[in-house]
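*Asks:* Now for the letters of each chain:
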Amino acid sequence: MTARARAAGRPEEAPFLGVGVGLRPVHYREIFERADAGEALPVDFFEILSENFMVPGGKPLRMLDRACSLRPVVLHGVAMNIGSSDPLDDDYLGDLDRLAQRTQPHWLSDHLCWTGVDGKSLHDLVPLPYSEGVIRHVADRVRRVQDRLGRRIALENVSSYMSFADDAMPEWDFLGEIAEYADCGILLDVNNVFVSAHNHGFTPETYIDRMPAERVFQIHLAGHSESPPLLIDTHDHPVRDEVWQLYAYTLERLGPVSTSIEWDDHIPPFAVLLEEVEKARKIVERVL
Amino acid sequence: MNTDSLAQVQRRLWRLIAWPEGVRAALDQERDGEVSEERDGERSEAAAPLASIVKSDARLAAEDRLDVYANAYFYRIHDVLAEDFPSLVALFGEDGFHDLVTSYLAVFPSRHPSLRHIGGRLAEFVDEHPAGESFRQRFAFAGDLARYEAATEDVFDAADATPATRDDLAAVAPEDWAGLPLRLVPSVRILRLGWPVHEVRHAVRDGQPIPTLGDAPVPLALCLWREDERVVSREVAPDECSALEAASRGVSFGALCEQIANDRGENEAPLQAAGWLAGWIDAGLVLALEPTA
Ligand SMILES: [Fe+2]
Chain A
44 MTARARAAGR
54 PEEAPFLGVG
64 VGLRPVHYRE
74 IFERADAGEA
84 LPVDFFEILS
94 ENFMVPGGKP
104 LRMLDRACSL
114 RPVVLHGVAM
124 NIGSSDPLDD
134 DYLGDLDRLA
144 QRTQPHWLSD
154 HLCWTGVDGK
164 SLHDLVPLPY
174 SEGVIRHVAD
184 RVRRVQDRLG
194 RRIALENVSS
204 YMSFADDAMP
214 EWDFLGEIAE
224 YADCGILLDV
234 NNVFVSAHNH
244 GFTPETYIDR
254 MPAERVFQIH
264 LAGHSESPPL
274 LIDTHDHPVR
284 DEVWQLYAYT
294 LERLGPVSTS
304 IEWDDHIPPF
314 AVLLEEVEKA
324 RKIVERVL
Chain B
331 MNTDSLAQVQ
341 RRLWRLIAWP
351 EGVRAALDQE
361 RDGEVSEERD
371 GERSEAAAPL
381 ASIVKSDARL
391 AAEDRLDVYA
401 NAYFYRIHDV
411 LAEDFPSLVA
421 LFGEDGFHDL
431 VTSYLAVFPS
441 RHPSLRHIGG
451 RLAEFVDEHP
461 AGESFRQRFA
471 FAGDLARYEA
481 ATEDVFDAAD
491 ATPATRDDLA
501 AVAPEDWAGL
511 PLRLVPSVRI
521 LRLGWPVHEV
531 RHAVRDGQPI
541 PTLGDAPVPL
551 ALCLWREDER
561 VVSREVAPDE
571 CSALEAASRG
581 VSFGALCEQI
591 ANDRGENEAP
601 LQAAGWLAGW
611 IDAGLVLALE
621 PTA
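Keeping their order, the protein sequence lines are chains A and B. Residues 44 to 331 (this note's numbering) make up the first sequence, in order. Residues 331 to 623 (this note's numbering) make up the second sequence, in order.
Just chain A, with the same shape it has in the complex:
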């Protein structure tokens, strides 16, 4: 670990859990068969997609309980709509709270974006205008969510394909200031930094340099695809070499941070996902 990383405080409620994966239903069988056979399951934690388990019962919840019995978990949502001008959705937060009671995650995260307005959802992570007013708006909502859930949450930087004409600051300042005002954590998606840097023409390392180490709860790694002139965050490929390099750069600066691999489309067999886990582990070991 570099001296700088060692000096950087790590958030107390986000200890280093190791390298994990996003839990996906296509892998249930492989995961639980390995567990039943007493075989190694070289995954340190599972990241649970919250909305997939906000259901009354049945197989999803049984699988969830099983996964929770095997490894520590963190919850990751896509529908908090934290950046919307709509009121916060109490029902949603109630469901999230119940899920947290059930799964006892180390932490919960969602995205710094908006997903809908006037009660109508786009089911997509749409970026926000980077302005002081929006910082106050979002930070205030994060505080209310944290009060409701009785814990700090982490906000993730999204991949974006558009930005606003009157953005008053770069994205890293927008994210950093919200985290500061709201006193929340950050889920740093290194692939998203890479994708957005390409799409908007900034240097990804600058983004990483500006992240407050004491707020970074977790790192995401994923694959993206090319749709010239843009890169698109499709989660349907292995992590690209350039993103592995940026990840190594990130860990040199931050020290070991719990890292999970996201793969959501053209999902490969679990063994392929484990190869990605192994790659991440090798990089983590260099800074341990």
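Just so you know, these hints were derived from the structure itself, not from any lab. Here the structure is a predicted model, which is why all the values come from computation and not from measurement. The C-beta atom is built at its ideal place from N, Cα and C for all residues, glycine as well. Do not take every clue at face value.
To be verified - Sample of chain B residues at the chain A side, in silico, Cβ under 7 Å:
hint	residue
1	A337
2	K385
3	R389
4	V398
5	V437
6	P439
7	P443
8	S444
9	L445
10	D487
11	D490
Following the hints, complete the assembly by docking chain B with the ligand onto the known chain A.
*Replies:* Same frame as chain A, but now just chain B with the ligand:
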């Protein structure tokens, strides 16, 4: 930027992204002034040029950047609906289903944070909405099929519950029978349909040709529930269906007998009710019996 101006920007982007014919068509529409009648009677200001809101650059215009979101919006929902309604996909074909999703979303955009509920009004759209007319004209049973597939999704992750057993039934004292409250497990769905659409779903699942169902409805009832983790269904006769519906409302065994007596007479009713109840218990449809104190 304050919350009001943020709301304005988000409303405009929502509309451009969700517009059925794409971002450019939505912008044309704005220019033609046809959007001036915004919701709540609030007139939208003469729309500012998109480039004054969304950044354009040498590589890509603002419209094209928004198009990425428009495509993602449509296909994300399309793919979830295609997974939830595989028989509708088979019935209408890929292109027809694409049109169905487009028309449906224009009328019933998602109003829930989770995609789990995204198809909740598809049957209503196909059966009743003016914009659904061409779809019901093509297949009169399409609405029923949508209802059946939506119910299947619902049953799959309905709440868990412990069903009653025959032993529970045997333990009920004779004097408690009349007041015995009936309740069904939460996964039970009773559908009154005009066509045997479950045969369509089964054919699609098994890779068989889709059976031809006539244009004229022939009423039937299906009961769906979850057995272990599978969704199962069976056809129920009209009188048993009425009895099941009564049980799902939580009537007492005595009230159920009275209902049956109207059709079958006083003498036959208790026997018929007990027979059905035993069948429901064997199928795991009945919630644990709790005699009233
Ligand atoms: Fe991510």
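*Asks:* Taking the earlier hints as the rules, which of them does this structure contradict?
*Replies:* Result: hint 5 breaks, nothing else.
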